[in-house]
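Asker: Sequence:
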Amino acid sequence: MLWSGWGDPARAAELPAPVRDLLTELLGVRAPATPAATFGEVRLPPVALPPPVLAALAAVTGEEHVRADDDARIRHTRGKSTPDLLLMRAGDASDAPDAVVLPGSHEEVAEVLRLCAEHQVAVVPFGGGTSVVGGLTAARSGFTGVVALDLGRLARLRSVDPVSMTAVLEPGLRAPQAERLLAGHGLTLGHFPQSYEYATLGGFAAARSSGQASAGYGRFDDMVVGMTVATPRGTLEIGRAPKSAAGPDLRQVFLGSEGAFGVITSLRLRVHRAPAVRAYEGWRFETFAAGTAALRRLAQEGTPPAALPTVLRLSDETETMAGLAKPTDLGAPGSDSGCLVVAGFEGAPGEVAHRREHAAALLVEAGGVCLGPEPGDKWARGRFSAPYLRDALLAAGATVETLETACFWSDLPRLYDAVRLALHGALGSPSGGPLVMCHISHVYATGASLYFTVVTAQTGDPLAQWAAAKRAAGEAIARAGGTISHHHGVGRDHLEAYAAEIGDLGGEILRGIKERLDPAGILNPGVLIPVY
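All residue numbers for the sequence shown refer to the numbering used here, where the first residue is 1 and numbers rise by one.
In case anyone wonders, no lab produced these hints; they're calculated from the structure.
The C-beta atom is built at its ideal place from N, Cα and C for all residues, glycine as well.
Do not take every clue at face value.
Ranges between beta-carbon positions, derived for each pair [claimed, not checked]:
(1) S105 - P162: 25 to 31 angstroms
(2) P35 - D161: 50 to 56 angstroms
(3) P52 - A13: 44 to 50 angstroms
(4) A467 - R43: 51 to 57 angstroms
(5) E365 - V163: 39 to 45 angstroms
(6) P46 - G234: 40 to 46 angstroms
(7) E357 - E475: 23 to 29 angstroms
(8) D92 - D69: 26 to 32 angstroms
(9) T446 - F39: 44 to 50 angstroms
(10) D249 - D92: 21 to 27 angstroms
(11) A12 - R414: 35 to 41 angstroms
Modelling step: build the complete structure from the supplied sequences, incorporating the hints.
Answerer: Here is the structure:
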């Protein structure tokens with residue numbers, strides 16, 4: 001993973017000159033006066049951990065699995081939000097951990113947590129490093145130091161139960177690794193978020209991830225039927241049956257906990273037969289409202305997944321046009337508007353044919369026009385590439401960021417309008433912009449998720465610029481009845497809004513869990529837990 005951007009440097013995107021000219025003309029984008037820092041220019045704080053603590057950690061994992069070199073520390077600094085990347089591009093690694101610890105077993109994780117609690121060392125669980133909500137930056141105040149607990153050595157497929165259709169996997173497996181291992185058994189998880197190429201299974205669980213095929217396979221938290229968790233107080237084995245009425249479901253304590261309550265060391269996950277057929281197609285609707293109504297009908301009629309495509313998403317007019325070469329790609333000659341629906345179907349041939357027929361009948365009845373496979377195939381080919389484009393836009397002088405929310409269907413038009421208005425109000429300037437795009441990314445019988453992408457010209461202080469815009473959007477989300485996050489999580493960035501969303505009593509419940517499981521407060525301090 002690129003330390004100051006996304007992914008494989010060999011796949012870096014380049015902005016064509018016409019696109020640069022358009023950004024300048026429409027949004028007022030200008031190239032930054034200062035180029036991005038090189039690796040050698042990054043400013044690292046000195047290692048704060050005392051040598052005896054480093055030695056004690058090395059005695060647990062082996063000396064080669066405790067790293068305090070510059071390369072390891074920089075590559076475990078922060079996540080991949082735009083604010084994170086702006087700081088890294090400026091050479092600011094002031095939040096770097098003092099060391100990176102790579103345990104190789106549950107027992108080593110548990111012992112590392114015990115040692116860190118004893119020496120008051122903060123621990124940041126680290127998977128793929130793809131957090132976009134400030135989830136990998138620990139509070140240092142009151143701690144001897146900070147270690148990143150990299151779970152990359154916990155990367156095994158432990159077992160497959162083909163009768164129950166479950167598999168036990170370790171949290172450090174990157175999603176593509178997990179899919180390759182399961183493919184050997186003819187299985188798949190079916191979880192493909194935009195971070196798929198680098199994110200890990202443990203991160204998916206800790207952040208309540210939702211993949212692009214959630215309409216067919218469900219969210220990741222729906223896939224988790226059991227887990228093993230190491231905490232500073234001991235080990236928890238959770239999930240002895242698919243469902244239970246034996247009290248509250250303790251899985252929910254750790255799903256979405258972002259490493260604040262414990263470290264997941266294994267996951268028992270629901271799996272599916274690998275699909276024999278994958279088919280994607282595009283549909284055109286005149287307006288976002290018309291497309292939204294069609295998606296709602298698909299989500300509500302029949303029993304999912306039989307009534308739903310595996311992938312189902314709707315881009316608004318702005319996002320649709322930004323992603324197309326020309327208006328006629330929407331199948332409407334002379335049209336300069338319209339919205340694109342991408343529908344994907346995975347499964348056995350007969351099942352796919354049935355679901356396509358059902359969806360097509362409803363979409364046509366709702367006013368949709370089928371565009372054939374090309375728009376869907378184009379989306380599928382490029383669905384993991386957007387973060388590379390963000391790097392190129394940042395280098396060109398644009399601020400580019402995303403945010404997402406969810407609400408009930410009845411609130412969705414109001415939420416969509418409120419967030420767009422807030423972003424335009426916070427980022428508009430005489431020089432132009434911003435460009436605010438949106439799509440419905442996940443659908444349910446009762447509601448849906450809205451995913452916004454924003455492009456605007458950087459100001460002299462792009463961090464403050466985006467912070468103001470994010471604050472305005474968060475306030476608009478709350479007023480319009482949305483949640484502060486559907487699948488990105490809380491981290492540090494959403495902490496204030498999350499506190500308001502759950503209220504004082506909700507915050508007290510979380511603090512009570514934290515105090516019981518992590519009395520020294522070493523686990524990812526500063527994230528998730530509201531401070532009043």
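Asker: Could you run down the list of hints and mark each one as holding or not?
Answerer: Structure-based check of each hint:
Take S105 and P162: their Cβ atoms lie about 26 angstroms apart, and the range 25 to 31 angstroms holds. Between P35 and D161, the C-beta spacing of about 53 angstroms keeps the proposed range 50 to 56 angstroms intact. Look at P52 against A13: about 46 angstroms separates their beta carbons, and that is inside 44 to 50 angstroms. A467 and R43 have their C-beta atoms about 22 angstroms apart, which leaves the hinted 51 to 57 angstroms range violated.
For the pair E365 and V163, the beta carbons lie near 41 angstroms from each other, so the given range of 39 to 45 angstroms is met. P46 and G234 have their C-beta atoms about 34 angstroms apart, which leaves the hinted 40 to 46 angstroms range violated. For E357 and E475, the hinted distance range of 23 to 29 angstroms is not satisfied, since their beta carbons lie about 44 angstroms from each other. At about 19 angstroms, the CB distance of D92 to D69 disagrees with the hint of 26 to 32 angstroms.
The hint said 44 to 50 angstroms for the Cβ distance between T446 and F39, and at roughly 48 angstroms that hint holds. Between D249 and D92 the CB atoms are about 41 angstroms apart, so this pair departs from the stated range of 21 to 27 angstroms. Hint check: A12 to R414, Cβ distance near 39 angstroms, so the stated range 35 to 41 angstroms holds.
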